[in-house]
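Colleague: These protein sequence lines map, in sequence, to chains A and B. Quick note on the numbering used here: the first sequence kicks off at 1 and runs consecutively. Quick note on the numbering used here: the second sequence kicks off at 452 and runs consecutively.
For the record, the hints were derived by calculation from the structure and aren't laboratory data. Every value quoted in this text rests on a predicted model; they were computed, and no experiment measured them. One thing to keep in mind: the hints can contain errors.
[Said to hold, decoys possible] Here chain A is said to cover these stretches of chain B; the calculated rule only asks that three of the stretch's residues, wherever they fall, bring their Cβ under 8 Å from a Cβ of chain A:
id	region
1	499–509
2	588–600
3	704–711
4	735–741
5	773–782
6	788–796
[Unchecked claim] Estimated spans, in silico, between C-beta atoms of each pair:
id	chain 1	residue 1	chain 2	residue 2	range
7	A	Gln233	B	Thr725	34 to 44 Å
8	B	Asp567	A	Gln115	32 to 42 Å
9	A	Ser198	B	Asn624	36 to 46 Å
10	A	Pro202	B	Phe727	38 to 48 Å
[Stated by the list, open to error] A short, non-exhaustive set of chain A residues, derived as facing chain B with CB atoms under 8 Å:
id	residue
11	His30
12	Ile153
13	Ile166
14	Gln254
15	Leu373
16	Arg375
Glycine included, every Cβ here is placed at the ideal spot set by N, Cα and C.
Single-letter residue listing:
There are 2 protein chains.
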Amino acid sequence: MQISNLLIPDLEEILKSDPAQAAELAEELHSSDLAELIDKLPDDLAVSMLGALGETEAAAALDAMEPGRRAELFQRLDRTKAARLADDMSPDERVDLVQSLPDEVGADLLARMPQDASREVRALLRYPENSAGGRMTTNFVALAPQLTVERAIEEVRRLAAEKETINEVYAVNPDGKLLGAVSLRDMVLARAGQPLSSVMDPEVVSVPPEMDQEDLARVFAHYNLLAVPVVDQGRQLLGIVTVDDVVTVLKEEQAEDIQKLGAVQPTEGGYFQTDFWTFVRKRAGWLIAIFMGEIMTASVLEHYEAARRAFTAIEVFVPLIISSGGNTGSQASSLVIRGLALGEVGVRDGARILWRELRMGLVLGSFLGIIGLMRALLVGHSGGGGMALAVGMALIACVTFGSVVGALLPLAIKALGFDPAVSSGPFIASLVDVAGIVIYLKIAIVILGAP
Amino acid sequence: MQISNLLIPDLEEILKSDPAQAAELAEELHSSDLAELIDKLPDDLAVSMLGALGETEAAAALDAMEPGRRAELFQRLDRTKAARLADDMSPDERVDLVQSLPDEVGADLLARMPQDASREVRALLRYPENSAGGRMTTNFVALAPQLTVERAIEEVRRLAAEKETINEVYAVNPDGKLLGAVSLRDMVLARAGQPLSSVMDPEVVSVPPEMDQEDLARVFAHYNLLAVPVVDQGRQLLGIVTVDDVVTVLKEEQAEDIQKLGAVQPTEGGYFQTDFWTFVRKRAGWLIAIFMGEIMTASVLEHYEAARRAFTAIEVFVPLIISSGGNTGSQASSLVIRGLALGEVGVRDGARILWRELRMGLVLGSFLGIIGLMRALLVGHSGGGGMALAVGMALIACVTFGSVVGALLPLAIKALGFDPAVSSGPFIASLVDVAGIVIYLKIAIVILGAP
Numbered sequence: 001m002q003i004s005n006l007l008i009p010d011l012e013e014i015l016k017s018d019p020a021q022a023a024e025l026a027e028e029l030h031s032s033d034l035a036e037l038i039d040k041l042p043d044d045l046a047v048s049m050l051g052a053l054g055e056t057e058a059a060a061a062l063d064a065m066e067p068g069r070r071a072e073l074f075q076r077l078d079r080t081k082a083a084r085l086a087d088d089m090s091p092d093e094r095v096d097l098v099q100s101l102p103d104e105v106g107a108d109l110l111a112r113m114p115q116d117a118s119r120e121v122r123a124l125l126r127y128p129e130n131s132a133g134g135r136m137t138t139n140f141v142a143l144a145p146q147l148t149v150e151r152a153i154e155e156v157r158r159l160a161a162e163k164e165t166i167n168e169v170y171a172v173n174p175d176g177k178l179l180g181a182v183s184l185r186d187m188v189l190a191r192a193g194q195p196l197s198s199v200m201d202p203e204v205v206s207v208p209p210e211m212d213q214e215d216l217a218r219v220f221a222h223y224n225l226l227a228v229p230v231v232d233q234g235r236q237l238l239g240i241v242t243v244d245d246v247v248t249v250l251k252e253e254q255a256e257d258i259q260k261l262g263a264v265q266p267t268e269g270g271y272f273q274t275d276f277w278t279f280v281r282k283r284a285g286w287l288i289a290i291f292m293g294e295i296m297t298a299s300v301l302e303h304y305e306a307a308r309r310a311f312t313a314i315e316v317f318v319p320l321i322i323s324s325g326g327n328t329g330s331q332a333s334s335l336v337i338r339g340l341a342l343g344e345v346g347v348r349d350g351a352r353i354l355w356r357e358l359r360m361g362l363v364l365g366s367f368l369g370i371i372g373l374m375r376a377l378l379v380g381h382s383g384g385g386g387m388a389l390a391v392g393m394a395l396i397a398c399v400t401f402g403s404v405v406g407a408l409l410p411l412a413i414k415a416l417g418f419d420p421a422v423s424s425g426p427f428i429a430s431l432v433d434v435a436g437i438v439i440y441l442k443i444a445i446v447i448l449g450a451p
Numbered sequence: 452m453q454i455s456n457l458l459i460p461d462l463e464e465i466l467k468s469d470p471a472q473a474a475e476l477a478e479e480l481h482s483s484d485l486a487e488l489i490d491k492l493p494d495d496l497a498v499s500m501l502g503a504l505g506e507t508e509a510a511a512a513l514d515a516m517e518p519g520r521r522a523e524l525f526q527r528l529d530r531t532k533a534a535r536l537a538d539d540m541s542p543d544e545r546v547d548l549v550q551s552l553p554d555e556v557g558a559d560l561l562a563r564m565p566q567d568a569s570r571e572v573r574a575l576l577r578y579p580e581n582s583a584g585g586r587m588t589t590n591f592v593a594l595a596p597q598l599t600v601e602r603a604i605e606e607v608r609r610l611a612a613e614k615e616t617i618n619e620v621y622a623v624n625p626d627g628k629l630l631g632a633v634s635l636r637d638m639v640l641a642r643a644g645q646p647l648s649s650v651m652d653p654e655v656v657s658v659p660p661e662m663d664q665e666d667l668a669r670v671f672a673h674y675n676l677l678a679v680p681v682v683d684q685g686r687q688l689l690g691i692v693t694v695d696d697v698v699t700v701l702k703e704e705q706a707e708d709i710q711k712l713g714a715v716q717p718t719e720g721g722y723f724q725t726d727f728w729t730f731v732r733k734r735a736g737w738l739i740a741i742f743m744g745e746i747m748t749a750s751v752l753e754h755y756e757a758a759r760r761a762f763t764a765i766e767v768f769v770p771l772i773i774s775s776g777g778n779t780g781s782q783a784s785s786l787v788i789r790g791l792a793l794g795e796v797g798v799r800d801g802a803r804i805l806w807r808e809l810r811m812g813l814v815l816g817s818f819l820g821i822i823g824l825m826r827a828l829l830v831g832h833s834g835g836g837g838m839a840l841a842v843g844m845a846l847i848a849c850v851t852f853g854s855v856v857g858a859l860l861p862l863a864i865k866a867l868g869f870d871p872a873v874s875s876g877p878f879i880a881s882l883v884d885v886a887g888i889v890i891y892l893k894i895a896i897v898i899l900g901a902p
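Next comes chain A alone, as it looks inside the complex (with noise of 0.2 Å):
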């Protein structure tokens, strides 16, 4: 079913000295097949098998490849043909390849590509790339409600080379309204003679094209769909998401919030794919800026010299108390953006998340501030009595700080209008870090004396 590695030297082999042949054997593999073996080819050889494979065998591997190393390619492919192959993909794909694309190239590709394919193109390219509009296609059957379920069969029949998918069709009004939705299997099971309009769903459910893709994850999830309607405030049907589409949105959306969760941001391709340097990069930013935060915590330590002269085992439990903060602040972020990405929990719901997390962190402190006092009063040589006690009630503390912080930090940020996974456990342990060191010397102070 996969296709070998072990196969991909020899493929190589045969491709530089016999492209046609190299293309007569790859074109017996299933095109998401064929993309990715592809995919692994240098650059030259990828290039020459597209040349070699037949147009409709080449479009469908471009359609099923990874989006960067598609645009790479078609840079590579002389322009005339890259404008060819680009017209036998499917619209929703061969939008997001013009996206991709440098834009003086994407301009040459549309100015090469018949009119009215480049026309929709240039329709479709007015939506965000992660929205309905950006997903959909534009390539569906719209047929009249008044046909007979017969008559819209050989419709079906006379438009399904063409089409994305026939699973589904629209009845629309004249004026392109929609009007409801017909599965085959509807029109399969009608009876004889039944106009579309008395088997199409006249409630189907629909998405304006604004729609962010994790919401239309989250309709497809809900009402369990195949294909949905994208339409205007109008009800003009403007296009179609299908199901296979967003089965990959949330394939990539899920290796997003992994990537964001370790405060590393969002890559396009695979970990080898990517440049070392540009990996440096994506690392870096996040990097410097929370070490910038973190560089308070020497500041705060400074400030304290006196306290830390008089008392050396302070020192002692900083890592213990401000990591336990932090922790518990990426659990409580974590929970919240899971939350937040199910739906679940909303902004509005602000003032409970904190009354919970408030005594969840009393809680959970109380735990750790337990164990830590026995370990500050029972182990090693570190201070007595007092300085145990600081040690158990820092814990409290902090760990309430940081499940109240790490709970509404993803809040405040979704409320901005920015991507809740951003506020990592890293991000919130650099806050966490700064603010435990001062709570942790503040109570010290109290309960051992002001040096």
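Since chain A is already given, all that's left is putting chain B on it; use the hints.
Modeller: Just chain B now, with coordinates in the frame of chain A:
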């Protein structure tokens, strides 16, 4: 489209006085919205709603409900009624239901269901919940390959009402071996008189029942599938998995990853649905485990007391240095977890990843090292050139260490057969904190001279 929250109090009033009227209102909703509505009602009213609804509507709503809550409600239903509703549910949801009930209640439910339904549930219960077998339904259409397309469509029409999907039907030989798949689309497009065998796809992608659901989602995404047949080693057709289940899997996995990466044990229910003390348990475990590891930071600092007394500026930079190592470790681990999730990297790539993260750590560490050195040299009164050099070098060493450990740990966890997402930022940070303090203090002692 979505039922307004405002409606709920009104509906509760109607439910209390006249359940039949409330059910009548509710039956106008999409079954997914009805499920959401029931989910929001208090237990007793939810049960009375399920009792008042028509059995088909109630079963459809139960199909769409969150499994944890559904299991709770089932235990409050009259047992005969519960068995009738379970019998009307779709087979894969029915299996999930029995799995999530206490053993005794599940067994009782099975005993009250018609024999063929309970036999089917028992057969499906053999497969782990998170496998292709656990996600599949046995409710598909299987036909003989020699049927003409017209006869096949007649069969599909006859069977449609009781089958989960007819978008894809399967050609099997008399022993139940899978010969190929035919989409409803292909049947509609076929010429009259063609046998199924000439329109079916004999190389249809299939999966084994033990395939993990994450890999299953990857297969759906790779091949853009709407359904996939599940076959055993002898290609016996056991069931099919449909794309709506995969969308659910992806939503669940995404939510689970977010929790694990925040060092929280995954929960079934939502943020507010989950009981406060359940969350305490889910969070306290990891938090205390990490805390016990972090306690070593205190021991290490106590061990180096002489050095800290000789150079009081040393401790000022401890939080800064160790957090930098932890943050780089979080980044590296998130990239590797992402790569593993997408299937881009594998355990076999350990050496390449090690080499890459080693270089990455040196580069990123140098950036932070230079900033740290400048800070130590220019601001505050913290120890002069030797100290600054020690801070800079320790940053390079700790960031490199963090990067390498962060990248290799998820691989090691994966190699041991566990989910790499448990190597969360907090977990890695605790490892790096202890090692980081040792690295830093050793470097400082070498540069500043042993006390």
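Colleague: None of the hints should be skipped; say for each whether it holds.
Modeller: Hints, verified against the model:
1. With 0 residues carrying a beta carbon less than 8 Å from a beta carbon of chain A, the region 499–509 of chain B misses the three-residue requirement, and the given coverage is violated.
2. A stretch counts as covered by a chain when three or more of its residues have a beta carbon under 8 Å from one of that chain; for the region 588–600 of chain B and chain A the count is 0, and the coverage is violated.
3. For the region 704–711 of chain B, the assignment as covered by chain A holds, since 6 residues bring a beta-carbon within under 8 Å of that chain's beta-carbons and 3 suffice.
4. For a cut-off of 8 Å, the count of residues in the region 735–741 of chain B with a CB near a CB of chain A stands at 5, and the three-residue condition holds.
5. Figure legend: the region 773–782 of chain B, annotated as covered by chain A; annotation consistent (8 residues with Cβ-Cβ distances under 8 Å, at least 3 required).
6. Proximity of the region 788–796 of chain B to chain A, defined as three or more residues with a beta carbon under 8 Å from a beta carbon of that chain, is established by the 7 residues found.
7. The given range of 34 to 44 Å is respected by Gln233(A) and Thr725(B), whose C-beta atoms sit roughly 38 Å from each other.
8. Taking 32 to 42 Å as the suggested C-beta distance range, the pair Asp567(B) and Gln115(A) does not conform, at roughly 59 Å.
9. Look at Ser198(A) against Asn624(B): about 40 Å separates their beta carbons, and that is inside 36 to 46 Å.
10. About 45 Å separates the C-beta atoms of Pro202(A) and Phe727(B), a value consistent with the hinted range of 38 to 48 Å.
11. Checking His30(A) against chain B: minimum C-beta separation of about 7 Å stays under 8 Å; hint holds.
12. Given the 8 Å rule on beta carbons, the hint for Ile153(A) holds: about 6 Å separates it from the nearest Cβ of chain B.
13. Below 8 Å, beta-carbon pairs count as interface contacts, and Ile166(A) has one with chain B at about 6 Å; its hint therefore holds.
14. With 8 Å as the threshold, the beta carbon of Gln254(A) comes within range of chain B, its nearest partner Cβ sitting at about 4 Å, so the hint holds.
15. Given hint, Leu373(A) at the interface with chain B, is violated; its Cβ is 12 Å from that chain's nearest Cβ, farther than 8 Å.
16. For Arg375(A), the suggested interface contact is upheld, since its CB lies about 6 Å from the closest CB of chain B, less than 8 Å.
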